[in-house]
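Generate coordinates for the entire structure from the input sequences, incorporating the hints supplied.
Read top to bottom, the protein sequences are chains A and B.
Sequential numbering of the first sequence, starting at 9, is according to this note's numbering.
Sequential numbering of the second sequence, starting at 3, is according to this note's numbering.
Bear in mind the hints are in silico, worked out from the structure with no lab data behind them.
Source: prediction; values computed, not measured.
Glycine residues also receive a C-beta, built at the ideal position from the N, C-alpha and C atoms.
Warning: the hint list may mix true and false statements.
[Unchecked claim] Derived CB-CB ranges, DEER-like:
(1) A/384 to B/124: 46 to 52 Å
(2) B/19 to A/64: 46 to 52 Å
(3) B/116 to A/344: 27 to 33 Å
(4) B/116 to A/352: 37 to 43 Å
(5) A/64 to B/21: 27 to 33 Å
(6) A/293 to B/38: 43 to 49 Å
(7) B/74 to A/258: 19 to 25 Å
[Stated by the list, open to error] Partial list, derived from the structure: chain B residues whose beta carbon lies under 10 Å from chain A:
(8) 37
(9) 46
(10) 58
(11) 74
(12) 75
(13) 79
(14) 87
(15) 116
(16) 117
(17) 136
(18) 137
(19) 139
(20) 153
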Amino acid sequence: MKTKKSIFNYITILILLLTVIFSGSTVWAQTDSVDISTLDHSDPTIYAANIYAHYYNISKTEALERFKLQNVIGKLDNDLSINEPETFAGLWIEHSPYKVVIQCTTDGSNIIKPYLSSELSGLIEVRIVKRSLKELQQLQLDLLKQINALGLDVSTSINVKTNQIEIRTVNIDQTESMLSFDKFSIPDYVKIIEVPSLPTPCTTVYGGLTMWNPNSAFTSGFAVVTYGGTRGIASAAHCDNTVWINPYGGTPQTTHFQSENKTYYYDVQWHTVDVNVTNLIQYFSDGSTTSITSVTPRDTQPIGAYVAKYGRTTGFTMGQIDSKNNTVPQVQYCMPTFIHVANTLGYPNGICQEGDSGGPFYWDHSAWGICTNKDYIGGGFYMAANYILSGLNVNVLTTP
Amino acid sequence: MFLMTPKFKFIVVFLKFALAFVFVIMIIMFDGCNKIPKVQFFPVQKEGLPQMVVAGNGQLVLDHGYLKLRKFFGILGSDFIIFPYGYTYNIQKNTVNIINEKEQIVAKVGDFVKTGGGEVTEKTIAEKIVGTQLPSDFNGPYWVAGDLKTR
Chain A
9 MKTKKSIFNY
19 ITILILLLTV
29 IFSGSTVWAQ
39 TDSVDISTLD
49 HSDPTIYAAN
59 IYAHYYNISK
69 TEALERFKLQ
79 NVIGKLDNDL
89 SINEPETFAG
99 LWIEHSPYKV
109 VIQCTTDGSN
119 IIKPYLSSEL
129 SGLIEVRIVK
139 RSLKELQQLQ
149 LDLLKQINAL
159 GLDVSTSINV
169 KTNQIEIRTV
179 NIDQTESMLS
189 FDKFSIPDYV
199 KIIEVPSLPT
209 PCTTVYGGLT
219 MWNPNSAFTS
229 GFAVVTYGGT
239 RGIASAAHCD
249 NTVWINPYGG
259 TPQTTHFQSE
269 NKTYYYDVQW
279 HTVDVNVTNL
289 IQYFSDGSTT
299 SITSVTPRDT
309 QPIGAYVAKY
319 GRTTGFTMGQ
329 IDSKNNTVPQ
339 VQYCMPTFIH
349 VANTLGYPNG
359 ICQEGDSGGP
369 FYWDHSAWGI
379 CTNKDYIGGG
389 FYMAANYILS
399 GLNVNVLTTP
Chain B
3 MFLMTPKFKF
13 IVVFLKFALA
23 FVFVIMIIMF
33 DGCNKIPKVQ
43 FFPVQKEGLP
53 QMVVAGNGQL
63 VLDHGYLKLR
73 KFFGILGSDF
83 IIFPYGYTYN
93 IQKNTVNIIN
103 EKEQIVAKVG
113 DFVKTGGGEV
123 TEKTIAEKIV
133 GTQLPSDFNG
143 PYWVAGDLKT
153 R
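Written out as structure tokens, the structure reads:
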């Protein structure tokens with residue numbers, strides 16, 4: 009017994025000591041049985057095929073074949089919707105086992121046959137249902153009219169697989185009783201589903217929002233767009249590159265750093281995002297926004313002019329341009345083109361403070377610059393907005 | 003019977019060695035605790051420079067005689083700090099205190115601090131900001147700090 013106890017003691021002491029050693033220092037190494045990051049990602053299609061093949065335990069070649077078939081199946085879906093609206097009730101792809109399920113209101117094998125290409129032979133399963141997709145779509149529209157008339161806060165969709173219209177609500181009892189109150193009997197093609205929350209509006213980001221990581225926080229400047237149409241968000245280059253952006257009232261979104269310039273005239277960087285980008289800036293801490301429809305070049309920003317700014321720390325401030333020929337210390341070979349705004353109105357915290365870097369300077373609906381620095385008497389500095397184009401080769405976005 | 007087997011003896015010996023190893027590691031780790039810390043170089047910015055306005059934070063650490071901002075427990079790396087104009091430091095009871103231009107202690111090594119400012123990566127820019135040549139092993143990135151506050 010004594011020896012057993014001593015072993016226990018040894019192990020306990022060992023665990024305690026190891027805990028002490030590791031608690032304050034090391035980040036535990038993470039192991040992952042499926043390390044997708046190691047897959048070759050030089051070609052996006054091959055990368056996707058590798059992931060798909062891994063997930064479904066098939067060869068990469070077969071994965072690529074299935075990817076090609078998606079286009080064929082998409083065309084089939086479109087053809088049947090247009091040409092056989094009274095019979096066709098939707099289709100979908102199943103991946104394990106791989107097949108295409110086509111639904112019809114009658115035995116549609118003969119109807120479908122002319123549309124099938126040889127590539128799909130052996131992959132088609134036909135199912136018979138009550139209502140065509142066209143009929144369900146019309147019923148959904150009718151239902152929406154009634155829901156809107158009742159003022160119900162719900163969302164609806166068509167579930168092709170079950171051949172039903174689904175109503176999603178956060179309060180199933182209330183929805184059912186209100187629909188019944190309106191003497192609207194709930195038919196078999198409608199299913200009411202209780203959900204924790206309804207779909208939120210599509211997330212959109214723009215200037216004046218918080219960009220952050222655990223180490224730092226700053227402000228987004230203006231929405232930008234490349235000549236190819238790729239949209240993103242510009243901020244100051246001296247800010248961190250790996251950051252999230254917080255849509256107003258929404259959940260943080262990942263940003264993807266694209267490029268930056270912090271030499272000569274520039275202190276600017278830009279990121280793409282996975283959500284919508286629009287030509288707004290937040291200009292007040294309650295989330296109010298205004299659109300940006302033009303860029304005022306540095307040459308047409310006169311000394312003495314008032315300019316407004318929004319930043320995550322000091323919010324809305326405005327002041328007068330008192331100098332247009334300043335350098336800032338963080339820019340290599342800095343040319344004296346940075347614009348200084350005096351704290352003419354005497355904001356107690358000045359024009360800008362820590363956290364406002366990158367935020368928009370603007371006037372009316374025009375972009376004037378991106379916040380870069382503060383001085384010791386309450387003033388702020390910005391890089392002129394027209395330098396976003398020359399510094400990064402992206403334009404300030406001036407349309408929705 | 004198990005208690006007398008060679009396998010059991012091996013486990014005991016193994017545990018003893020493991021304990022000894024862990025003690026050695028701890029001695030190495032905590033050896034520095036009794037040494038008087040030394041700040042090799044304390045860079046401050048030139049007077050009157052415009053200050054970048056990112057809201058930064060991290061842990062103030064002393065690394066080989068240089069004060070650094072350790073970002074997110076070191077996961078995001080650490081920056082050499084270039085302190086605001088007028089800042090100094092002192093060492094009291096093995097603690098390095100950071101003192102602001104009003105001669106107030108604003109933080110000490112080990113504190114988690116909030117500090118405005120911004121990051122620069124080029125040594126030449128850092129040297130311009132400090133106004134002097136930086137030590138050869140004082141290589142960025144640098145956090146050009148605003149006022150420090152403990153979190």
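Structure-based check of all given hints:
no.: 1; hint: A/384 to B/124: 46 to 52 Å; verdict: violated, 24 Å
no.: 2; hint: B/19 to A/64: 46 to 52 Å; verdict: holds, 48 Å
no.: 3; hint: B/116 to A/344: 27 to 33 Å; verdict: holds, 31 Å
no.: 4; hint: B/116 to A/352: 37 to 43 Å; verdict: violated, 28 Å
no.: 5; hint: A/64 to B/21: 27 to 33 Å; verdict: violated, 49 Å
no.: 6; hint: A/293 to B/38: 43 to 49 Å; verdict: holds, 48 Å
no.: 7; hint: B/74 to A/258: 19 to 25 Å; verdict: holds, 23 Å
no.: 8; hint: 37; verdict: violated, 18 Å
no.: 9; hint: 46; verdict: violated, 13 Å
no.: 10; hint: 58; verdict: holds, 5 Å
no.: 11; hint: 74; verdict: holds, 4 Å
no.: 12; hint: 75; verdict: holds, 7 Å
no.: 13; hint: 79; verdict: holds, 9 Å
no.: 14; hint: 87; verdict: holds, 9 Å
no.: 15; hint: 116; verdict: holds, 8 Å
no.: 16; hint: 117; verdict: holds, 8 Å
no.: 17; hint: 136; verdict: violated, 14 Å
no.: 18; hint: 137; verdict: violated, 20 Å
no.: 19; hint: 139; verdict: violated, 22 Å
no.: 20; hint: 153; verdict: violated, 12 Å
Comparing the model with each numbered hint stated earlier shows that hints 1, 4, 5, 8, 9, 17, 18, 19 and 20 do not hold.
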